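Could you build the full structure based on these sequences and the hints that come with them?
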Amino acid sequence: MSAQPPVPSPQPPVRAAAAVTNIAGRGLPLRGDDIDTDRIMPARFLKAISFEGLEGHLFEDDRRANAAHPFNDPKYAGASILIVNSNFGCGSSREHAPQGLARAGFGAIVGRSFSEIFQGNAAMLGVPCFVAAPADIDRLQGLIEAKPETTIEVDVATGRITAASTVVEASLPAALRDGFLSGQWNPTAMLLDHFEDVRAVAARLPYIRGF
Amino acid sequence: MSRRLDTINAQPPSTLHMAATLFQKVWDAHTVRTLPSGQTQLFVGLHLVHEVTTPQAFDMMRQHGWKVAFPERTFATVDHIVPTSSQKRPFLDVMAEEMMSALERNCRDAGISLWTPDSGNQGIVHVIGPELGLTQPAMTIACGDSHTSTHGALGAIAFGIGTSQVRDVLTSQCLALDPLKVRRVEVNGRLNRGVYAKDVILTIIRRLGVQGGVGFAYEYGGTTLDAMTIDERMTICNMSIEGGARIGYVNPDETTFEFLRGRRFAPAGDAFDRAVAWWRQMSTDANASYDDRVVFEAAAIEPTVTWGINPGQSVAVSEPIEAAPDDEALAFMGFSNGSKVQGTRIDVAFIGSCTNGRLSDLEDAARIVRGHHVAPHVKALIVPGSQAVSRAAEARGLNEVFIEAGFEWRGAGCSMCLGMNPDKLEGRQISASSSNRNFKGRQGSPTGRTLLMSPAMVAAAAIAGEVVDVREMLEGVPA
Numbered sequence: 012m013s014a015q016p017p018v019p020s021p022q023p024p025v026r027a028a029a030a031v032t033n034i035a036g037r038g039l040p041l042r043g044d045d046i047d048t049d050r051i052m053p054a055r056f057l058k059a060i061s062f063e064g065l066e067g068h069l070f071e072d073d074r075r076a077n078a079a080h081p082f083n084d085p086k087y088a089g090a091s092i093l094i095v096n097s098n099f100g101c102g103s104s105r106e107h108a109p110q111g112l113a114r115a116g117f118g119a120i121v122g123r124s125f126s127e128i129f130q131g132n133a134a135m136l137g138v139p140c141f142v143a144a145p146a147d148i149d150r151l152q153g154l155i156e157a158k159p160e161t162t163i164e165v166d167v168a169t170g171r172i173t174a175a176s177t178v179v180e181a182s183l184p185a186a187l188r189d190g191f192l193s194g195q196w197n198p199t200a201m202l203l204d205h206f207e208d209v210r211a212v213a214a215r216l217p218y219i220r221g222f
Numbered sequence: 017m018s019r020r021l022d023t024i025n026a027q028p029p030s031t032l033h034m035a036a037t038l039f040q041k042v043w044d045a046h047t048v049r050t051l052p053s054g055q056t057q058l059f060v061g062l063h064l065v066h067e068v069t070t071p072q073a074f075d076m077m078r079q080h081g082w083k084v085a086f087p088e089r090t091f092a093t094v095d096h097i098v099p100t101s102s103q104k105r106p107f108l109d110v111m112a113e114e115m116m117s118a119l120e121r122n123c124r125d126a127g128i129s130l131w132t133p134d135s136g137n138q139g140i141v142h143v144i145g146p147e148l149g150l151t152q153p154a155m156t157i158a159c160g161d162s163h164t165s166t167h168g169a170l171g172a173i174a175f176g177i178g179t180s181q182v183r184d185v186l187t188s189q190c191l192a193l194d195p196l197k198v199r200r201v202e203v204n205g206r207l208n209r210g211v212y213a214k215d216v217i218l219t220i221i222r223r224l225g226v227q228g229g230v231g232f233a234y235e236y237g238g239t240t241l242d243a244m245t246i247d248e249r250m251t252i253c254n255m256s257i258e259g260g261a262r263i264g265y266v267n268p269d270e271t272t273f274e275f276l277r278g279r280r281f282a283p284a285g286d287a288f289d290r291a292v293a294w295w296r297q298m299s300t301d302a303n304a305s306y307d308d309r310v311v312f313e314a315a316a317i318e319p320t321v322t323w324g325i326n327p328g329q330s331v332a333v334s335e336p337i338e339a340a341p342d343d344e345a346l347a348f349m350g351f352s353n354g355s356k357v358q359g360t361r362i363d364v365a366f367i368g369s370c371t372n373g374r375l376s377d378l379e380d381a382a383r384i385v386r387g388h389h390v391a392p393h394v395k396a397l398i399v400p401g402s403q404a405v406s407r408a409a410e411a412r413g414l415n416e417v418f419i420e421a422g423f424e425w426r427g428a429g430c431s432m433c434l435g436m437n438p439d440k441l442e443g444r445q446i447s448a449s450s451s452n453r454n455f456k457g458r459q460g461s462p463t464g465r466t467l468l469m470s471p472a473m474v475a476a477a478a479i480a481g482e483v484v485d486v487r488e489m490l491e492g493v494p495a
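Protein chains in written order, with this note's numbering: chain A, 12 to 222; chain B, 17 to 495.
Among the hints, a few may not be true.
Claimed, not checked - With a cut-off of at most 30 Å between alpha-carbon atoms, the simulated DSS-like pairs for lysine-lysine come out as follows:
id : chain 1 : residue 1 : chain 2 : residue 2
1  : A       : Lys-58    : B       : Lys-197
2  : B       : Lys-83    : A       : Lys-58
3  : B       : Lys-440   : B       : Lys-356
4  : A       : Lys-58    : B       : Lys-440
5  : B       : Lys-440   : B       : Lys-395
6  : B       : Lys-356   : A       : Lys-58
No lab work stands behind these hints, which were simulated from the structure alone.
Note that the structure is predicted; figures quoted are calculated from it, not measured.
Written out as structure tokens, the structure is:
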């Protein structure tokens, strides 16, 4: 740890991401609280140096243990909106879990609550995690179970979720919502925007100055 | 001295005259700016890297032509995939070897220090950070690992992050984050004999719930925490995330300063004294207010074991499982309402992990084990958290105590905490484990079952062949 703050080289520019304003598609109801990221993506599939192919291992152990698992059910094939219950994505910070979901085509997740790390990781991939009231989650899950062909529409700006005649109000943290709408859901560009300020903070931190 | 202090004061003026928590002071001192999104751009003082969550980040950077901005603030080791029976290269597992090679290449190209098994300093990232003195009070720390909260034991604000955020920290040394609320979690009084830091955190999670901490940083304090060693505080901060809190910390005190004094990356000489002055200044003010406060009595905490499939599902070892509404958990574990975990026959005993793989954990276990033998049907593993822990334990003869008792003495790594190396449960085996997660399939077998408990309780279970109350085995053992 040197006493002099380093001067990083300027990074090449970042491409702007596409705005995420609405997500529409069929739903997949996954009931259960506290579904952890070990279950979403068992650790043995983390033994790789890329994220490729993770969509093939989503809930692999749960699916083997339970033939009736919704991810085994052909009636939900091609779904793009996942409806979950509380504390979804708790546990390990492995991005492999939301990577698998995003690569399987899920563009939004709606639930009663999420682990903070999971919600942040999903946002970095352009996948918003909306929070809705338990009764509304139950209605959506019941509706999709009864009529899996129903198209669900999620409007990012208002948080309104429309499924046939059912309308549910859901929410996203404001910063994430604005990021999706403006196409700045991947913050790398913003973080590099004022690099002189980063250097200034480093330069005034006692532990970087060597006390 | 006072002039020097003025010049190193890193707090922006806004908080200088307001009572604040360590969390708020550290947040302010590391704030680069408010992003257009309203989030805070937060400078990361120390970035720790391991082999599982980073290769994709380095790949993304290569695609964009980005360089590591602050390689000297970045340190790497290998922990998740290393075999613990032999760490000779190349690893027998081809994929593990590929991950190790990728980490070596990425660190070499970027100029990042990497501790491999050959270095003598390899170990679980959350064990070696404090051990080397890299982890210091009032730092911001990030690592692609949810147990990064461990580093809060020294008064750091430490975030577990995902791989895209690892990319951002490598590229910019910053994270885009929303501030957290602070909950004071206070534990007062003296712990009874046979009750350990692990029992304290399991009890906290049981009461506050596995998502009770979402949106909060947990500030642990009270006379129980004051009396704890840094190792014990690490066990508590480590499992903050199991209670939903991404961050847990303890304000630095004399115990912290003495822990750090003389460590390789800690400040030395006069700089150490100046550092202590800054660390004190960054600690929570006496009259700071919190968003929430909860209080626990140490004397009421008992040796605790989990019965379910998340770390909030626990009971005191002497208690029956209460009316649990979670039928899925009961069925998976093979328990029913009213049954006791005590007396459950175990197949495997695992002592290790970033929660309980430090020297003091091995000493606690050895105290129980001495003069006994592992039950014949139990496979018992000791996996030190780092090579330094391993050396220190061997210097004290602990390895011999364990080996004579029938434990396997392994190399350092994460091992059976998550089963990414060859150490895995088989079938429906039940493991008494000093680790942090009892999720379905966590220890490497999709149907394997985990009972979380303190290292002393694991040692006692290994000997008895079933879950027992460690207090019974401590009778007659000198304190």
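Hints versus structure:
For the hint linking A:Lys-58 to B:Lys-197, the alpha-carbon distance of about 35 Å lies beyond 30 Å, and the restraint is violated. Simply put, B:Lys-83 and A:Lys-58 have alpha-carbon atoms about 25 Å apart, close enough for the 30 Å limit, and the pair holds. For a cut-off of 30 Å, the pair hint linking B:Lys-440 to B:Lys-356 stands: about 26 Å separates their Cα positions. Between A:Lys-58 and B:Lys-440 the alpha-carbon distance is near 14 Å, which keeps this suggested pair within the 30 Å criterion.
Taking the CA atoms of B:Lys-440 and B:Lys-395, the gap is near 11 Å; set against the 30 Å cutoff, the hint holds. Distance check on the hinted pair: B:Lys-356 and A:Lys-58 sit about 37 Å apart at the alpha-carbon level, beyond 30 Å; violated.
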